[in-house]
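Protein chains in written order, with our numbering: chain A, 1 to 343; chain B, 344 to 686; chain C, 687 to 1012; chain D, 1013 to 1338.
To be clear, the hints were calculated from the coordinates, so they are not data collected in a lab.
Given the structure is predicted, the values throughout are model-derived calculations rather than measurements.
Honestly, I wouldn't trust all of these hints.
Think about it this way: if two alpha-carbon atoms lie no more than 20 Å apart in a straight line, the pair counts; the simulated EDC-like pairs of lysine to aspartate or glutamate are [what the hints assert, rightly or not]:
1) D/Lys1059 to D/Glu1029
2) D/Lys1290 to C/Glu960
3) A/Lys139 to D/Asp1034
Which residues of chain C face chain B? A few of them, derived with a C-beta cut under 8 Å, are [stated by the list, open to error]:
4) Val712
5) Ala738
6) Pro739
7) Gly747
8) Val750
9) Ala752
10) Gly756
11) Leu757
12) Asn778
13) Gly788
14) Gln790
15) Asp847
16) Asn848
Idealized CB from N, CA, C, for every residue including glycine.
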Amino acid sequence: MRKKKALTKDRLIWMYAQMVRIREFEERVKRTFVEHPGVIRGHTHLGDGAEATIVGALATRAMNDPAMPSYRCHGYPLVLGTSPRKIMAEIYGRKDGLCGGFGGSMHLADPEHHFPGTSGIIGQAIAHATGAALTAQVKDTGQVVHCFFGDGSTKQGAFYESLNLAAVWRLPIVYILENNHYQAYTHISLEDANCIAGDPLSQKAQAFSMPGVTVDGTDPLKVYAAVRTAAERARSGKGPSLIEAKFYRLSAHGNAITVPPVPTQFPEHEAVEVYGRKAEYAAAKKKDPIPRFRAALIRKGVLRIADAKRIESEAQAEMEDAVQFALASPHPTPAEAVKYVYA
Amino acid sequence: MRKKKALTKDRLIWMYAQMVRIREFEERVKRTFVEHPGVIRGHTHLGDGAEATIVGALATRAMNDPAMPSYRCHGYPLVLGTSPRKIMAEIYGRKDGLCGGFGGSMHLADPEHHFPGTSGIIGQAIAHATGAALTAQVKDTGQVVHCFFGDGSTKQGAFYESLNLAAVWRLPIVYILENNHYQAYTHISLEDANCIAGDPLSQKAQAFSMPGVTVDGTDPLKVYAAVRTAAERARSGKGPSLIEAKFYRLSAHGNAITVPPVPTQFPEHEAVEVYGRKAEYAAAKKKDPIPRFRAALIRKGVLRIADAKRIESEAQAEMEDAVQFALASPHPTPAEAVKYVYA
Amino acid sequence: MAREMMYGEAIGAAMTEEMQRDSGVVLYGQNLAMTERDPMLRKFGKKRVRIAPISETAEMGVAVGAAITGLRPIVELWMSEFMLVAFDQLINEAPRLRYMSGGQVKVPLVFKAGYGFAAGWAGQHSNCIYHTMMGIPGLKIALPSTAADAKGLMAAAIRDDNPVVYLHHYMLTLDKGAVPEDEYVIPFGVADVKREGSDVTIVATGWMVKKSLAAAEVLSQQGINAEVIDPRTLAPLDIKTIINSVHKTGGLVLVDQATRHASAAAIIAAEIAEHGSKALKAPIKLVTALDTSIPFSEPLENYVLPNEEKIVSAVKSVVSRQAATV
Amino acid sequence: MAREMMYGEAIGAAMTEEMQRDSGVVLYGQNLAMTERDPMLRKFGKKRVRIAPISETAEMGVAVGAAITGLRPIVELWMSEFMLVAFDQLINEAPRLRYMSGGQVKVPLVFKAGYGFAAGWAGQHSNCIYHTMMGIPGLKIALPSTAADAKGLMAAAIRDDNPVVYLHHYMLTLDKGAVPEDEYVIPFGVADVKREGSDVTIVATGWMVKKSLAAAEVLSQQGINAEVIDPRTLAPLDIKTIINSVHKTGGLVLVDQATRHASAAAIIAAEIAEHGSKALKAPIKLVTALDTSIPFSEPLENYVLPNEEKIVSAVKSVVSRQAATV
Ligand SMILES: Cc1ncc(C[n+]2csc(CCOP(=O)(O)OP(=O)(O)O)c2C)c(N)n1
Ligand SMILES: Cc1ncc(C[n+]2csc(CCOP(=O)(O)OP(=O)(O)O)c2C)c(N)n1
Ligand SMILES: [Mg+2]
Ligand SMILES: [Mg+2]
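Pulled out of the complex, with its shape left as it was, chain A reads as follows (with noise of 0.2 Å):
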């Protein structure tokens, strides 16, 4: 095996500073149901929490690798390359919204960016990111699809059929499993098989004879490195591998499913608004990916406090000017919502 490049201080920095554009444009989102009510509708979901693995993961791009997440969908596409701008104007359903306001929180596509679009119907865009990879290997492009989905998303048949069919033509995808051990207000625990036996949920793996390993999902360094493995093996035409990387959501599911004109609003994490276990997100918080990571590169010389704040400050600023822009952006004309039905 080929010995394996070391990221360069520069590349973990560019690793730090995606994990805070990303905090800091979810926390954006959190704050509009507050400070603009009414402005974003529908059903919204938040990537805090999942920063170490969506960026650890998406570190090992290479060749334009497509990103095809699941409907907790905002922080992929920032570490891609499309705008900020875009993406809250879409969240906010406004003309210059990244789909025009079409789509919303839920059904972000950014394709330029290689970012093909999403699904809100669990599971189904697994086999939508399989299919991606036969279209790498059908045109032999070398690229390697990275596939991210739920914990909830694995009790769903679509996960099972697509990872079976994917090793069976070996396809060139890797399967994220984001274990944030809750789908919506349920906790693992009463839902999944494995994790009642006290078993790594990448043992479905074995149901297809892949490889499977679980990886700490707060540390970007350890889902890179997984990852990477992972991405070579499918880009050397081996085929799939599933990884599940460990983390905690650490927002509720989404903002309360309200029924107008009832204002929707982000309640508090489920663990302590439905299961009263306030300790078990107090020790969630302290696992926090970010200061943990920030502080580790601080450690070992690789980013300079001050370089951190800058970091951060850039990040706050490029946010908020992403939601001044997506409220100043105008309504589309009702009149288009003809458009786009056909190709």
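Keeping the supplied structure of chain A fixed, place chains B, C and D with the ligands upon it in accordance with the hints.
Relative to chain A, chains B, C and D with the ligands alone:
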């Protein structure tokens, strides 16, 4: 663990007789295509080769345990006590058929004999069987459901979803994976990732941290032992198991699919017809479970040759009678077709 | 005795009452009964009230298998579109098993789901897909428009020996109405005249009943007296009440939140075209969603969905053509 | 140049030609290309022609993902009902992704499946479920009734930049007809007049076109000259050709192998009721399957399905009512 009672001599002979009955029945279904062309319409699937698995599993039944297989379903109700006359008449589409001619070969149902029904859609009946196990658990009947399905069916999402749910709810069910090496015309090595890797399909159980074992499905005693352990586990509230029984389907998948007025007929086995692998088929024939079990029982002094012959000629007479009965049965009255839509 | 109740509450009341009445009724679904404090769990225990994994195929298939072996499951599916991942169980299993068995088994179950959530849920969560379930012999479909109907139809759904899809409208969840406190069962296949009128007939379901009643108020101020009918169940479908009304009014406007070719309105129009066309003094008019998926942004969403104004103008055009015929 | 070809062959011919034309077209499905001898495999190689496991959700979902990233997949699904286990991909993914992306992606794919196999396949394999796919904006549906149409519509389906469900009728597989040998593409949304006539209009699809043409022959011997129209695609649906015909004939019989409320016939009836009722001299009549699942036994199956006699008698009743109007 309490000591397992050995099978009595009578029970072993009963097992042999059931295997012979299934074989004789299926032989007559197959012959009908030649001897009475046009009498069987649609798609008919035979269980020859599966006898050891069917009988070995069902010999463990207790407390009116239900059996729920796929559309390849003639053998099971024969063992449960359904009259072969009624089954044959159903396959011929007659009024005296088990389902009055409404269901046909793929949709036998005999709830009185604990055979609640089948589905022709791959994988879906695995969920139904899981539901029957829910009934047993909620009503506290002590029953264990015997759920049978093919190797191909493990490629359907319903399989995985059902096993996880059954594990989480600890339902009293035994999942019996009939690995007959083919799904229709496709050899398992073309579609199953475990098989391609040289691993047993019972490994899929690990996706649910569930016991999974592979047994020789041509030996009814091996199947019996494995299913018995699993059934005891299920009956004692410990939840489901997966048992892979490996055997070989001895006839083609089903009658050739023809468009009227081209008559239906039975082709050669796919190993020969599709893949040209005559040796494979010949080897499977040598492992035919019936002569092997016969020889074993005779060797052990359980069965005398004379008794074996009596069993065989009785089964032949019984199944010949079923054919005559079914041929003589009238077709249902057309206007009855609108019955049974609603309860 | 009736009590003011929200539509959502009324559904829960019927479920609770029926579960009290019949110990064979079980309830499960995703994200319900998560903790011991859950009121249904406390009332009916862990055997009868369960949380399920995100596995609609298993959830719905388990219900089918449980139903044919003696339980009466209610599956909470939340949004009707989620059933699509398991549609075989709805279309090709639950309604077929009795028939294929020659009447030997019955399949008493309720698939409960909300629909039509026109509140920014975008392209995959807020469409109307009930037409996919129509014309499936063996399957019944209820879609209540008021709190009282919500209760009475749920009770009937649970008692029915056939598979029933019970579709509640998300936009009506908080709407209040008088609901009978005692046992209240609304027979399937009986349309309800929500407003009597003499000039024109409006047929609508779910949220569109509310919109149609609002439109009828506007129209009455303009001297047009519209009758508003809610079929309440799409299968069985009570065409007779609609034909009787059309015989009285001579005009028919069909309002449906679905797209045109996915609407129950089109099915009703076909029935009237075949069996009631003599009574019509003007052609039928359909008011449906435009032919798009539901867009996210509010102005787009509003544009594609039927509303009061669209109903008013459709009714007026029908009434004016009726007048031209006389 | 045309050549006599079977309906089934014509489909294969179109697929082969289109795969030759465009290297982005790939084909996969269960139980195909099992060995190296497979002709499609030999022509197009292992990358473009593949066998798939029994995993409709993955098969169809993979097609969606491949389509949005640049391939044009054809998925062989064999029987339309098998799609039900993966219906979300058909109804809620393939047709929605373009719209939700604000027009950024396109989803060029073909879901190919047979249907209506009235040959003893019983309750789960021989129903008609195309109505479930109607009214789904973004989705197109083709269902050819002749060998030539089979070729021309398949070519169009593969070239279309949108998801297309291509439904071929099993009972027509061996039927022969003249098929253009060169490139032959039939535009979607253009109905075909299969038989010209002046007295009454019959609209039918698939196998029912054949039955309707046979009925028209019988009727012509009785002095009734029926026009037979095949819409060929249900989405888009060419209503104009039907309305024009009705303007000529004054009478309309809609024949559909599906049950009444699951029929395309009902949708067409609704369109005519709204937009063409003036031309009608008698009420529309629907000839559909009876409201049952398809029973196994032959006499039962025959009883529930539409046939020549039922069509003839429906046409006669319409024609006699037309006459009464004049
Ligand atoms: C088929 C289907 N069933 C149910 C839902 C409702 N739903 C939306 S998000 C969600 C939880 C998903 O959990 P997980 O996969 O762990 O992802 P996470 O939200 O934790 O990132 C559920 C059940 C859905 N969208 N689709
Ligand atoms: C959802 C679905 N897809 C495809 C089919 C067609 N089909 C019928 S039987 C069969 C093969 C099943 O193989 P397996 O599960 O191994 O059972 P076996 O026939 O070998 O007993 C297939 C693919 C179907 N009935 N349902
Ligand atoms: Mg999760
Ligand atoms: Mg098999």
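With a cut-off of 20 Å on the C-alpha distance, tell me whether D/Lys1290 and C/Glu960 pass. Holds: D/Lys1290 and C/Glu960 sit about 14 Å apart, inside 20 Å.
Would you check whether C/Pro739 satisfies its interface hint, that is, whether its CB is within less than 8 Å of any CB in chain B? 6 Å, holds
Holds or violated: C/Asn848 as interface residue toward chain B, Cβ cutoff 8 Å? 5 Å, holds
With a cut-off of 8 Å, does the beta carbon of C/Asn778 approach a beta carbon of chain B closely enough for the hint to hold? 6 Å, holds
Restraint: C/Ala738 near chain B, CB-CB cut 8 Å. Satisfied or not? Holds, about 7 Å.
Would the stated hint for C/Asp847 survive a check requiring a Cβ distance to chain B of less than 8 Å? Constraint on C/Asp847 satisfied, holds at 4 Å.
The hint names C/Gln790 as touching chain B; please verify it with the least Cβ-Cβ distance against 8 Å. 5 Å, holds
Can we keep the C/Val712 interface hint, with Cβ of chain B closer than 8 Å? 6 Å, holds
Closer than 8 Å between Cβ atoms is the bar; does C/Val750 clear it against chain B? Give me holds or violated. 5 Å, holds
Return the status of the interface hint for C/Leu757: holds when the least beta-carbon distance to chain B is below 8 Å, violated otherwise. 5 Å, holds
Hint status (Cβ of C/Gly788 to nearest Cβ of chain B, threshold 8 Å): 4 Å, holds
Does the closest beta carbon of chain B sit nearer than 8 Å to the beta carbon of C/Gly747? 2 Å, holds
Taken one by one, the earlier hints all hold for this structure without exception.
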